[in-house]
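> Okay, here's what each chain looks like letter by letter:
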Amino acid sequence: MRETAGERWGRRIVLTLLTLFVVIPLYVMVTSAAKPLQDVQNGFTWWPSRPTLQPFIDMWSTVPLARYLVNSLVVSSIAAVCSVAVAIFAAFAVSRYRFRGRGVFSVTVLSTQMFPGILFLLPLFLIYVNLGNATGIELYASRTGLVITYLTFSLPFSIWMLVGYFDSIPRGLDEAAQVDGAGPLRTLFQVILPAAVPGVVAVTVYAFMTAWGEVLFASVMTDEGSRTLAVGLQGYSTQFNVYWNQIMAASLVVSIPVVVGFLALQRYFVAGLTAGAVK
Amino acid sequence: MATSTTAPDADRREPRAGSPARGPARRPRGPRRSLLPYLLLAPAVVLELAIHVIPMVVGVWMSLLELTQFHIRDWSTAPFIGLENYRATLDLNSAAGKELLHSFWITLAYSLLSVGFAWLLGISAAVVLQRPFRGRAILRALFLTPYALPVYAAVITWSFLLQRDTGLVNHVLVDQLGLMNERPFWLIGDNSFWSLLVVSVWRNWPFAFLCLMAGLQNVPGELYEAAAIDGAGFWRRLRSVTLPMLRPVNLVLLLVLFLWTFNDFNTPFVLFGGSAPEQADLISIHIYRSSFKTWDFGSGSAMSVALLLFLLIVSAAYLLITNRRRDDHA
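As they're listed, the protein sequences go chains U and Z.
For reference, each letter of the first sequence is one residue, going 1 to 279 in the working numbering.
For reference, each letter of the second sequence is one residue, going 1 to 330 in the working numbering.
No wet-lab data here; the hints were simulated from the structure.
Accuracy of the hints is not assured; some may be wrong.
[Said to hold, decoys possible] Reference excerpt, derived from the structure (chain Z facing chain U, CB under 7 Å, subset only):
#1 Gly59
#2 Thr166
#3 Ser304
From a predicted model like this one, the values you see are computed outputs, not experimental measurements.
Think of the CB as a built atom: it goes at the ideal place given N, C-alpha and C, for glycine as much as any other residue.
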């Protein structure tokens, strides 16, 4: 099928406009991170006339960025790994077994993903605070509390995508393993998981991104010691100065790992979406 | 999210799903066997119960209490007041009720516009990237980047662009193009709504693009060949082949995007630094601010529950209507 001249020009125009829309903010983020403070305070310029890497050094001392970074890393990694581990077992059950409550489980889990976060925020806040007062289990203002909260945020989507992946693995493989005498768990670990590695990795990255970018609970459930990047970056705006160049530098640094991870795995997300929803 | 898609799936899979138990290595159908799926689900169920279901029930209970700052330390002392919180916050003649209604309309307009534009950009990109050409993979990765960025990094960057004196937007509009004589404020006043909308479209359209791209991969190329042989031009193919084939994706995508933007907290919270102007006072921000400003968690919970009920009714109506139309077509 040939492309007409009109279609070709239409395509070029659409792509140019979309590229500009996407790129301009990214361009500003990168170039402003390489400007001295004076240059971001005195009106906008397209090009850094005095390029410097100083903001990438200063950003660590203006706010305790290293601490926020460690908190975010710890919370997001643990939440991602736990979430995926829990999701693997649940997805295995949904994909391979027929049991009473299977439909109810799927629908309930997915619909919680759609509920407003603000609905859980007030009760969870009170539950965490009161639990801490009553039993001494510190969930409020602690990284443990954040981990538990975040791992449920990515759970529904992780289960959903893994069910799609597991379904696409032929059941003949399970049966062959069972002929060899493998139990259900060995079937899961030795047959299904090795075949679903891309899906598991993609879901892990998704869970990590969810926790890494969460703002609402991070702003209520943390104190200075457990603060994550989502809230910590606001520290660059002080009463006297807004360190825009350092904000851009810090934003860039905290974005690169998740953007690279997501883009590297994007085709597995597409595959997962295709397998899970788009039938 | 997949209420409409998992159900038919389950039916289709049923005959096969039992097969492990009937497999050649016939295992005893003891209690251990039938319990296994529940054991596998247990961690997920416990977590969902603890973080979502129980707090939701607690939230409904809280909305029936006079849970003001005097009782927040020890909420067992909060008196039960029935529907009083609902009456107070949803009374459209009171100041609080008027503010809530205003916030509701703002949020509705915001979600509908944001979903509409995000879908439009997503379908444009998916369609023009459908055919392979040099550089397609790079553009695809680039277009997904706004969605991959942590939301606060993306929104902070936009708030820098929208600064009155030092931002790019005013530099281009006022200094370079000379379209305006005076530098407008973008983050306060009437403009703040449109700023919020642009930021949200910038951030969400790649998700629409990703889903529509996945959906387009399932459209058989022969359909386009056949349409082209019949003399169908670009728009005709779009209307008669692409859009009908994308219908199942669109049904889920539009609902998900709507619920996400309706519940959006992050974008206004980061863009306006926690104090959204009234023209951009989205409902999540409204509930958050009125709860933590006055420490009146009772009425905050009442507003949250009312919000949930509204979203449940909208979702149910949407699914009913779209399912009925699908039956008509069949």
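> Hint check: is the beta carbon of Z:Ser304 less than 7 Å from a beta carbon of chain U?
Since chain U brings a Cβ to about 4 Å from Z:Ser304, closer than 7 Å, the hint holds.
> Would the stated hint for Z:Gly59 survive a check requiring a Cβ distance to chain U of less than 7 Å?
Result: holds, 4 Å to nearest chain U Cβ.
> Holds or violated: is there a CB of chain U closer than 7 Å to the CB of Z:Thr166?
holds, 6 Å
The earlier numbered hints are all upheld by this structure, with none contradicted.
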